[in-house]
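*Asks:* Sequence:
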Amino acid sequence: MASTDFLEQDILPLRPYPRREGLPASPGSQGYLEVLDLFRVIACAAVLAQHSFIWTNMTGNFIGTAFITMLHLSRTSFFFLTALVVTYAQIDHPRTTGRLWKRRYTLVGVPYLAWTGIYLIFSLITINASWDELGVFLRHNLLLGFSQMYFVIVIFEFYLLFPLLMKLLRAVDHRWVLTGSLAFAMLIGLFLHYPSLFSPLSDANQSINGILPWGRNILVYQEFIIGGMLVALHLDEVIEFVSRHYRRIFLATGVAGVLMVLWYMVSVWTGSSVERASDIYEPQAALWCLAAIAGTFSLSWWWQQRTPGGRRHGAGRTLPSPAYLAGLTGGIFFAHTIFINLIRSGLTRSGLRAYLPWEATVVILFVGTVLLTGTFVALVLRTPLRWVLGGPVRSEERASYVARAEAEVPAELP
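Under this note's numbering, the first residue of the sequence shown is numbered 1, with each subsequent residue one higher.
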């Protein structure tokens, strides 16, 4: 680090490049973690499923809200995934702080701004808002994120803190970091879910929430971000552990899921509202989400081993590969709120919504949103707007990794 300028200092990895032969990637795709493709697809499907329940209005619905409780894994999975990918990319291709911030904020910031504008126009049209409300909309949603785009605000916070987090991981034993992160997560969960236990801090709670709402605050998601970073830094060991114990991980995830459902049921039966019993910030929800992430990661690894390249051998006809579907997830994340609202509006105006059971409404919203948003994003990816509206283009990222890997291979001697 010849320069003393912070922005020009390298964020050095903690160890050399990962052992390529230990990673579940196809030949020539070194640097691109194909094992995460199915993980992206599952997490994205969970987002759409959860929003399908929420948009059906589960107020007071005991069974429907139980699904929402379990599907909280969607947001936490993406925080884990983002931290893992950003950290692994820094290990694989170190960048200075300035270059890292420029790349990351541009890759995600431009789609964020584009979709904020699109949702502004959509809101003006669908809710008959006036142009006088333009300033209010922009001030609120640019800073805090429109609807599902709160996720981007938290990711921006992560990008900002990433250099400091890397320094922390260089200086402190990772076991202590993990223990401290989990302990802090439990403390935050108790603080938010049981405010009566911290009544002397109620003013501080309100002050923090007034400046940066807890739902947009990296503190309530830090354990998933730290977890993703640590997995990236120990990916070889994690893959080896998963390869030996994936069945036990599946079992542990299932047990954690059953316990979470039982906790939810008991909470409601003992007087809690379904909304409070399904709170994403309660401590046990964090434990369930971590278990779900472990299970999803293991399932993605197992599928990658079973179907190299994402295709089943011997099948005459193949479904879209996880790699292709993963390439749609960024655009689906940004766009799906428009389509789920259009479908719900269509059901309401046609009168069907009043007669359909809630289960049918959830299925229609989910399937319709998957098909319409997936088709829209697939078309967008064929246009020059593929990055602006779809986020980072996975196929191009994969191609750049392949090209760099091939360039690093020494030529064979004659």
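To be clear, the hints were calculated from the coordinates, so they are not data collected in a lab. Just so you know, even glycine gets a beta-carbon here, dropped at the ideal spot from N, CA and C. Any given hint could be a false lead.
What the hints assert, rightly or not - Cβ pair distances, simulated, as ranges:
1) His174 / Ala114: 31 to 41 Å
2) Pro195 / Thr307: 40 to 50 Å
3) Trp101 / Leu178: 19 to 29 Å
4) Leu379 / Asp132: 26 to 36 Å
5) Arg95 / Leu356: 46 to 56 Å
6) Val172 / Leu201: 40 to 50 Å
7) Met265 / Asn205: 22 to 32 Å
8) Thr307 / His93: 40 to 50 Å
9) Arg175 / Phe137: 41 to 51 Å
10) Ser243 / Leu178: 29 to 39 Å
11) Thr106 / Leu262: 39 to 49 Å
12) Trp214 / Gly135: 37 to 47 Å
13) Leu385 / Met265: 13 to 23 Å
*Asks:* Which of the listed hints are not met by the structure?
*Replies:* Numbers 6, 8, 10, 12, 13 - these are the hints that the structure violates, sorted from lowest upward.
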